[in-house]
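> Here is what each chain is made of, one letter per residue.
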Amino acid sequence: MANNELSNGSLKGYAQLLQSKQISSLELTQAFLQRIKQYNPSINAYIALDEDKTLAQARAADARIAAGSAAPLTGIPIAQKDIFCAKGWPTTCGSKMLANFVAPYDAHVISQFDAAGAVNLGKTNMDEFAMGSSNETSYFGGVKNPWSFDRVPGGSSGGSAAAVAARLCAAATGTDTGGSIRQPASLCGFTGLKPTYGVVSRFGMIAFASSLDQAGPMAKSAEDCALMMNVMAGFDERDSTSLDRAKEDYCRDLNKPLAGLKIGLPKEFFAEGLSAEVGQVIENAIAEYKKLGAEIVNISLPNTGLSIPVYYVLAPAEASSNLSRYDGVRYGHRAAEYTDLMDMYCKSRAEGFGAEVKRRILIGTYVLSAGYYDAYYLKAQQIRRLIAQDFVEAFKQCDVIMGPAAPSTAFKAGEKVDDPVAMYLQDIYTISTNLAGLPGMSVPAGFASSQDGPALPVGLQIIGNYFDEARMLNVAHQYQQVTDWHTLAPNLPEGKA
Amino acid sequence: MEWEVVIGLETHTQLQTVSKIFSGASVKYGAEPNTQACEVSLALPGVLPVLNKQAVECAIKFGLAINAEIAPRSVFARKNYFYPDLPKGYQISQFELPVVGKGAITIQVPAAGKQDAYEKVVNITRAHLEEDAGKSVHGAVEGMSGIDLNRAGTPLLEIVTEPDMRSAAEAVAYAKKLHELVQWIGICDGNMQEGSFRCDVNVSVRPKGSDKLGTRREIKNLNSFKFMTQAIEYETRWQIETLEDGGKIQQATVLFNPDTGETRAMRSKEEANDYRYFPDPDLLPLVITEQDKARVQADMPELPAAMKARLEAQFALSSYDASSLTASRDLADYFMAAIDAGAEPKQTANWVMGSLSAKLNSEDKDLSSSPISAQQLAQLLKRISDGTISNNAAKQVFEAMWQGEGEVDSIIAAKGLKQESDSGAIEAIIDEVLAANAAMVDEFKAGKEKAFNALVGQAMKASKGKANPAQVNDILKKKLQA
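Top to bottom, those sequences are chains A and B.
The first sequence begins at 4 in the working numbering and counts up one residue at a time.
The second sequence begins at 1064 in the working numbering and counts up one residue at a time.
Keep in mind the hints are simulated off the structure, nothing from the lab.
From the three backbone atoms N, C-alpha and C, an ideal C-beta is built for every residue, glycine too.
Just so you know, not all the hints are guaranteed correct.
So the derived list for chain B, only partly shown, Cβ under 10 Å to chain A, looks like this [to be verified]:
| no. | residue |
| --- | --- |
| 1 | Pro1112 |
| 2 | Arg1339 |
| 3 | Leu1347 |
| 4 | Lys1529 |
| 5 | Ala1533 |
From the derived model, a few chain A residues whose C-beta atoms are all more than 12 Å from chain B [said to hold, decoys possible]:
| no. | residue |
| --- | --- |
| 6 | Lys56 |
| 7 | Ala212 |
| 8 | Arg241 |
| 9 | Ile289 |
| 10 | Gly308 |
| 11 | Glu321 |
| 12 | Gly331 |
| 13 | Asp421 |
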């Protein structure tokens, strides 16, 4: 796409171009495919592309537009995280274990986009089974941060993050178990939303930690996220944890003024561990909100410090069980040679899973074992309730909570791979909302300079009460009306011509 | 030393639902391998379980039938272990909070040797919902094991007793009673050959009088009552002999081999899995309200105990008859259908439990495949009551109907079995008999009562068995006293 302006467009803008026939979906899709050909070989955001399928969807969208039955996202090319099963597409979850797996059915999220007439551009790279904060655990290799190619994009939705930041899609989907939408959104400088647990069906979304996993949009702006939410959200009887609520329009409150909005600032989010530069960007953003008429309330979430240990008991416990199905018996990787059943299991799983996945399976198996269950799993569940209770108390004092989405800007590839705890601390500000089931988002709020490289994006995290997505999107949208951080795109080094 | 055996049962009953417990796949038995294995049965990446409401209703029915606590909130848990026929690597079951809590079943233990028949209450510890595994198929493909996942996800209710039974006879009486009950309330088809009703039996022994439980061994997957008796008796003897020889019992899972009649250890406790149970995060806790229970209660059939009491009160049947007739739903339904068709209750009870049961047994048939319907039997009994045929003739009609020779009245006509009830004709026959047997008449008059019976016999013979015996009696009596 020579036309940088086109790749920088908003979803609403694309819809206007498409429906006024100034551009066809086929043209728009081909333009993005061209950009992908040019830049993906160096960025590695996409791990599966299928031009025939993608273009067929674009043609179908054009027919629908011609027939006058277009929906808001009809004809718009979307990148799908490779955690969603999409019929006829390789669906790998970033793992060697599923490198040969082609999904025979559609995830709820995929069928929702299909029904909306959106175009599936391809499947995006991710940390293996969504376990990671840098995309470095992917079997298909790391992903470059488009703002600085020697940096990671964050994770686990690193491919979708890089695709949005590098303008290799109109918008993308992600999933967030402990921060996997918000941390990469912060590190790559775009808008990402993790909805309330249960708002988007998990059917067909490959499970990492079932009680924490939630899909959400990754896009350039709050308004784009709202339009994506209108497609993704909704009750699905195939997911027992999907909430049976009336369909809502997430765009409905975007333009409400913020005067009188009470913003809670948890002291625990501005303590040790937060880089000073990031802290400064967040303070600047808060100052902007004051100008918009918001009030600031100092609050406390006293159990924040427990969220990482609690998460690293519960998420691996669920994962150890969720990943048991990858046994080499019915699909997925099976060792070439083995002597008996046990040997087949051991070799297939030893070969099929990467180090981080194995680490979490071991932790999870340990904490669920007889004699340890009460001390770890049950205790963690109790603390999980305390963490949720912290938020209940906090929301008595404020409408939304703000803070950083990640403790630092994008770090260098390889910097934390040998230090799991340092890697886990990337999610210190995001994990507690997953544990509580609350919605959270990251909004571009500026750049922080680094000692040894360029200034890098910083995300402001907005945490809302249950089902308050429309208000959060309103709060983000109003900020984006008076700032332009979300419109900035990286200058990419020339890729293939 | 005198020993006492202590027995508890765990029974897997396959619930009669249309689809699997967590998916829409069919549960029909006998389909081609893997043709009833949907995405959920195959445990593809990303699939999720959705609880089948019909399975929950079955569990509630069972809880109501044994007067048990039905949990207002129960929890599905994952039982984690690896096996090729377990596609998810875990079984969804219930662990800490089962749907059905404590209840009880009253069993009838039949008389044996010097021991009279007796009743006993067996306490139910719990019953919980879970999914079945698939099957490993050996030999279908040369040099390989196949996996058939048609059965994977079939709904089961696992029913666990307290260690309340003290003999193989009690254990089998319990298993039979449970087998009848789950069919009676329509939650299980009871087909043991197809594995719809499978029993695991925990057996331990202890010195008589001790209140401490011995170490138990669990006999897995018994699918006939005959094998259950054999297995428990063998296992009990084996444990007693082992202890008397100074040995120790190791907790173990054992299999019964019907060919040798022996039990053999499959795995010891040391090899047992740590199942790492935890609540399944894909499923919400199962909430059952009073309204749910009331709705299921409204659909419940009359239970065997209530029906037994009603049969005694309504039809003046003996406790034994009422108990026998309510031993199975089929039998009770058959009896009631005959009554509804106008048959006399006591007579019906006698025929159903007598001739009909004997005939079914001798031909190894179920009541459902009886060639004689309840309505036909009722018609036959009516013909006895109204004097058309004698009891003996009725047996011939019964036999002919069994062979499919037609309806009651046409058989009576075809075989000429109609009774002679015309008193003029009977009188004429008796007159002939009296004339021809003067000696017997003299004997009777001399006080020999037996001579009377002989004269009746002669009269019946003279009528070719068709004379109404009651009338023969009456008329003969009158004539002799004249």
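> Which of the numbered hints above does this structure break?
4, 5, 7, 8, 11 and 12
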